[in-house]
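**Q** The lines below spell out each chain.
There are 2 protein chains.
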Amino acid sequence: MQRRLALVKIPGFEYSEAHSDPLRDFNEEIIMSEVQFRNFDETKAYKALQKLQAPSLSAVLDGKRVTSCNSSYELGKQETLHYNYAAKQVDNQILSVLQELSDEQQLIDKFRLIASGEYMNSGENRRVLHHLTRGQLAGSVSHEGRDLGAFYNEQNSRIADFAEEVHAGRITAENGKPFSTVVQVGIGGSDLGPRAMYLALKNHVNSSEGSGEAFRGRGEKLNARFISNVDPDDAADILREIDPSTTLFILVSKSGTTQETLTNEALVLDRLKHAGVKQPRKQIICVTSETSPLAKSSEYLDSFFIDDFIGGRYSSTSAVGGAVLSLAFGADVFREFLDGAHAADAAAMEAGILKNPALLDALIGIWERNFQGFPSTAVLPYSQAMSRFPAHLQQMDMESNGKHVNRDGEQLGYLTGPVIFGEPGTNGQHSFYQLLHQGTDIIPLQFIGFLNSQDGLDVNWEGSTSQQKLNANLAAQIIAFAKGKKDDNPNKTFQGERPSSLLYSKSLTPRVLGALLAHFENKVMFQGLVWNLNSFDQEGVQLGKVLTKQVLGDGELDPALQEFSALLGVRS
Amino acid sequence: MQRRLALVKIPGFEYSEAHSDPLRDFNEEIIMSEVQFRNFDETKAYKALQKLQAPSLSAVLDGKRVTSCNSSYELGKQETLHYNYAAKQVDNQILSVLQELSDEQQLIDKFRLIASGEYMNSGENRRVLHHLTRGQLAGSVSHEGRDLGAFYNEQNSRIADFAEEVHAGRITAENGKPFSTVVQVGIGGSDLGPRAMYLALKNHVNSSEGSGEAFRGRGEKLNARFISNVDPDDAADILREIDPSTTLFILVSKSGTTQETLTNEALVLDRLKHAGVKQPRKQIICVTSETSPLAKSSEYLDSFFIDDFIGGRYSSTSAVGGAVLSLAFGADVFREFLDGAHAADAAAMEAGILKNPALLDALIGIWERNFQGFPSTAVLPYSQAMSRFPAHLQQMDMESNGKHVNRDGEQLGYLTGPVIFGEPGTNGQHSFYQLLHQGTDIIPLQFIGFLNSQDGLDVNWEGSTSQQKLNANLAAQIIAFAKGKKDDNPNKTFQGERPSSLLYSKSLTPRVLGALLAHFENKVMFQGLVWNLNSFDQEGVQLGKVLTKQVLGDGELDPALQEFSALLGVRS
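Line order of the protein sequences matches chains A and B. Heads up: the first sequence is residues 1 to 572, going by UniProt numbering. Heads up: the second sequence is residues 1 to 572, going by UniProt numbering.
Heads up, some of the hints might be wrong.
Same chains, same label: a pair holds when it works inside one copy or across any pair of copies.
[As the list claims (entries may be wrong)] Lysine to aspartate or glutamate pairs mimicking EDC-like chemistry, simulated, CA-CA at most 16 Å apart: (1) Lys355 with Glu100; (2) Lys296 with Glu462; (3) Lys492 with Asp408; (4) Lys545 with Glu299; (5) Lys492 with Glu410; (6) Lys486 with Glu497; (7) Lys47 with Glu154; (8) Lys486 with Glu410; (9) Lys485 with Asp558; (10) Lys296 with Asp103; (11) Lys486 with Glu124; (12) Lys221 with Asp161; (13) Lys506 with Asp308; (14) Lys282 with Glu165; (15) Lys64 with Asp558; (16) Lys355 with Asp103; (17) Lys77 with Asp339; (18) Lys47 with Glu100; (19) Lys549 with Glu462; (20) Lys221 with Asp302; (21) Lys51 with Asp332; (22) Lys492 with Glu124.
It is worth saying that the hints were derived from the structure and are not from the lab. Being a predicted model, the structure only gives us computed values, none of them experimental.
Using the sequences and the hints, build the whole thing.
**A** Written as structure tokens, this is what we have:
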């Protein structure tokens, strides 16, 4: 157990002495608040939870529970995102201990520390500022004399101006034609999040049949594609399908040294030259840190910046997502997306767990993982537009909380992050739901649904629309998983007692998407804080990089590595 | 424990009395062989395995082990697929008991029963004949006087002829133009497998820079797309991007009653009419069973048939995959794919586990699941072309073996199918590998790699090509997972002892893809036989369908279902 003093501005508390650490140059009044970091199994709540029993869903899940077990985000412009936990195996007693856990682990105070710019990425000695990319939660944060909120806003403004110039045809391809396509070249956090967000909003923006909501019918301004894998076939496939001569490329690498991304840049440059472009880097913009090798080159058309305080997997709301989304859809769509995320962040500051959906979701997940012993969680959006959202969450969650040491580097004695997987419904129903219903492990489920489709193209067939069928399936699955069904034939028996939650809203708009993203980011953050680990580093990716470099070098290798390299054709 | 007599032709055994069950009209000599179905935990091997300890990979994994722990498929035309298990936590003692397990559970005899047309889908009283769609393993199988192998071949020939007519422009769209696009409309097994196979071969067929292998450079004959989800946005997205007036649609539903597929047909018909097509069903072909409502309609352009003995998730090598793959790439590509699958099937008949990669993979998986206690398995192809292969395996494995009762419907007392998930490398490295390396659960890994890229478009950057970097990463990961790394900083410590296997070949060709598919199908089959369950039914999907129908009807609902339906806008 470690006791340390941390500095945070908490509204409602009295202000006391000013900040004295020169590394932490908050430019405003702050207060001293005592925050303690302790392992989860050292809390009183941990011991209390060990003694509690999960309620039976088939016993408790009635209509009243469905209407009452609901916690909502108000997102502005009359948009709302709801979190329903009626089909989770919790009761008032469990929820009350989970509230104690939240208080005991000081989750809200620690979130305020993060939002205030505290160096909560302890191992790497970095602040954690993705919340600040969409709005200010807890006073401004300055670093080496610069207001970082203003810096992120400035990058967004520069992107908005740049996108406007491209859309207006004032910035063109080398041949003078307007750009028709934008291709993001990045991997991991520079790929999965922006790609998932792009796919989630594409139909919304392109719909020509909608009911007049904000961005409907405007149409994509540039068609977007993504290259990520170092496998050359990934780039080959995309580069074959586009016209490089009218394509704008976005090279995304915070460090400016990501092997996959620079290798793919080489492939892109090669194709641009083949297409007759004489100065190929003048059709490339960079999103990188100001100190990276990419930023220092004047060969590129332009560069937009992030910094070390934005983790890759949390960068969708920074310039990493901003460039491609603004170029594809317009900067106003990206701004709505940020506003939705900011509204959800603000709601995550609430200390009462029943009024804070992200916190509640996090704590129920802890209950399922550490006390019910469930090894994985399925994310199941009933929306084809969210087809890659589960892959993004898989990264965000598993890379953040797949850790075996606490924030001080001590081995932990309890389970941390689960495996996350998922596919859109109803597709999943025809795939892996068999195991979810009747397998020997119980997998908690996270459903996502929308009352309306994005596009509006729909038909009535056999008495209902596709959208009605989609949501009828979703409602039916929640109940089938929760309540099961007895049958004289054990093969047709459903044991039920498979817990699920439901996030839902009227439509999948930019604002709702931003809130959904922030919901999961904050859920993962709260879980990491309960487990007392650092959710913001990723030391587990280093060893593979080191060994890869060895294989590509010419020094002596571990004999088994030598043989595997040989049989894969890399070394002889 | 159940004892029954089953009928099977096993080469090398003496023939005895003829088949007497009128339901099972084998048209050839058969022998009586005693096959026993017993639960896994009733075997001697189960008890023996409980006493064994997994070896330490950092202790045993040397260069010699890498070259010796290899089992290969010879696929004809000088193509080979290798299965390397050097980095699995098995030793000679464990392998020897796994051989005993295979013998004791009569896995090869039972595979022969399946291949011979025995009614091994016991609950549904169906044969299991997907192997027969690609070749004959154990004598012909006849049903109601029809030779089923000949029937499947006939469908393939009809598809080949039809595809040839389309490619030659003799079968055209209503407006007289040649078809430019083919869109498969299906869900689950009618979608995931064919889609994954299409993506896996697209670059191979389209490459214009390759080294002259069989199908390189021919180019896709029709561009293929897929509509699956009942979410109307799925169809909207695809239908916006194609020209319906020159698109051929394939409606795939074995029963001819799949809700999602018929709903999407209504959307397709609507779009075809909007595009001015007067007889829209004349731009649709069906893949269905001969007795389905779809087969009975003369409105469609044509129909191709499967039967009840081809399970949806095993249908990629039937007309379900054959129609779209033959139309997109040509029937010769599809035939190569079948030949690769057949070669792998034939190899799976081998009783010695070290010479039978699918069987060995299955048994090592059993060791990991039931004795090492690992809850899930990651499938990690280092090939972007295989991006949807893990999703297909997720369906095939989890729907087949996610069961809690044995084949006689009795509750099982041991774990069955694990959660399957995965994404292509190197993308996964930048996503969830953190948890795989340093999380609190151990997840066994199934790597797939190829010496060459499909397309051939590649560049040398910083001393190596993209393909070399890709495979250097793959080799490095195997060793990093197996051996880990000690460090004074526990946060930089890798415990290692994360087992993995590697399937690899020279290139991802149609033949190799067929073998990979069959490898996993047969692996899942063998595991189901060890667990003594029916891998070929899916009772777990029924309850959701029943409740969905209730929601879409107007009868009274379970009160919680009523409320969930209301908040999702389906009922008020």
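**Q** Would you mind marking each hint as holding or not holding in the structure?
**A** Against the structure, the hints come out as follows:
1. Within a single copy, Lys355 and Glu100 get their C-alpha atoms as close as 15 Å, which meets the 16 Å cut-off; across copies the closest is 58 Å, which misses it.
2. Within a single copy, Lys296 and Glu462 get their C-alpha atoms no closer than 62 Å, and across copies no closer than 19 Å, so neither meets the 16 Å cut-off.
3. In this homomeric assembly, Lys492 and Asp408 come within 16 Å of each other (Cα to Cα) only across copies, at 12 Å, whereas the closest approach inside a single copy is 50 Å.
4. In this assembly of identical chains, the alpha carbons of Lys545 and Glu299 never lie at most 16 Å apart, being 28 Å within a copy and 58 Å across copies at closest.
5. Proximity of Lys492 and Glu410 under a CA criterion of 16 Å is satisfied inter-copy only: 11 Å between copies versus 47 Å inside one chain copy.
6. In this assembly of identical chains, Lys486 and Glu497 lie within 16 Å of each other by CA distance solely inside one copy; the values are 12 Å within and 42 Å between copies.
7. Within a single copy, Lys47 and Glu154 get their C-alpha atoms no closer than 48 Å, and across copies no closer than 67 Å, so neither meets the 16 Å cut-off.
8. Taking the shortest alpha-carbon separations for Lys486 and Glu410, only the inter-copy value of 14 Å comes in at or below 16 Å, while the best intra-copy value is 47 Å.
9. Proximity of Lys485 and Asp558 under a CA criterion of 16 Å is satisfied inter-copy only: 12 Å between copies versus 55 Å inside one chain copy.
10. Taking identical chains as interchangeable, the C-alpha atoms of Lys296 and Asp103 are never at most 16 Å apart, the minima being 47 Å within one chain and 66 Å between chains.
11. In the homo-oligomer, the alpha carbons of Lys486 and Glu124 never lie at most 16 Å apart, since the shortest distance is 53 Å inside one protomer and 19 Å across protomers.
12. With identical chains, the CA atoms of Lys221 and Asp161 are at most 16 Å apart within one copy only, with a shortest distance of 14 Å there and 43 Å across copies.
13. Within a single copy, Lys506 and Asp308 get their C-alpha atoms no closer than 36 Å, and across copies no closer than 41 Å, so neither meets the 16 Å cut-off.
14. For the homomeric pair Lys282 and Glu165, the shortest alpha-carbon distance inside one copy (15 Å) is at most 16 Å, but the shortest distance between copies (47 Å) is not.
15. Taking the shortest Cα distances, Lys64 and Asp558 sit within 16 Å of each other only across copies (12 Å), while inside one copy they are farther apart (63 Å).
16. In the homo-oligomer, the alpha carbons of Lys355 and Asp103 lie at most 16 Å apart inside one protomer (14 Å), although the nearest pairing across protomers, at 59 Å, exceeds that limit.
17. For the identical chains of this complex, Lys77 and Asp339 are intra-copy neighbours only, at 10 Å inside a copy versus 59 Å across copies, given an alpha-carbon limit of 16 Å.
18. Taking identical chains as interchangeable, the C-alpha atoms of Lys47 and Glu100 lie at most 16 Å apart only when both belong to the same chain, with a minimum of 12 Å there against 45 Å between chains.
19. In this assembly of identical chains, the alpha carbons of Lys549 and Glu462 lie at most 16 Å apart only when taken from different copies (11 Å versus 60 Å within one copy).
20. Proximity of Lys221 to Asp302 under the C-alpha cut-off of 16 Å is found in neither arrangement, the shortest distances being 19 Å within a copy and 40 Å between copies.
21. Taking identical chains as interchangeable, the C-alpha atoms of Lys51 and Asp332 are never at most 16 Å apart, the minima being 51 Å within one chain and 64 Å between chains.
22. In the homo-oligomer, the alpha carbons of Lys492 and Glu124 lie at most 16 Å apart only across protomers (12 Å), although the nearest pairing inside one protomer, at 53 Å, exceeds that limit.
Of the hints listed earlier, those the structure fails to meet are numbers 2, 4, 7, 10, 11, 13, 20, 21, in rising order.
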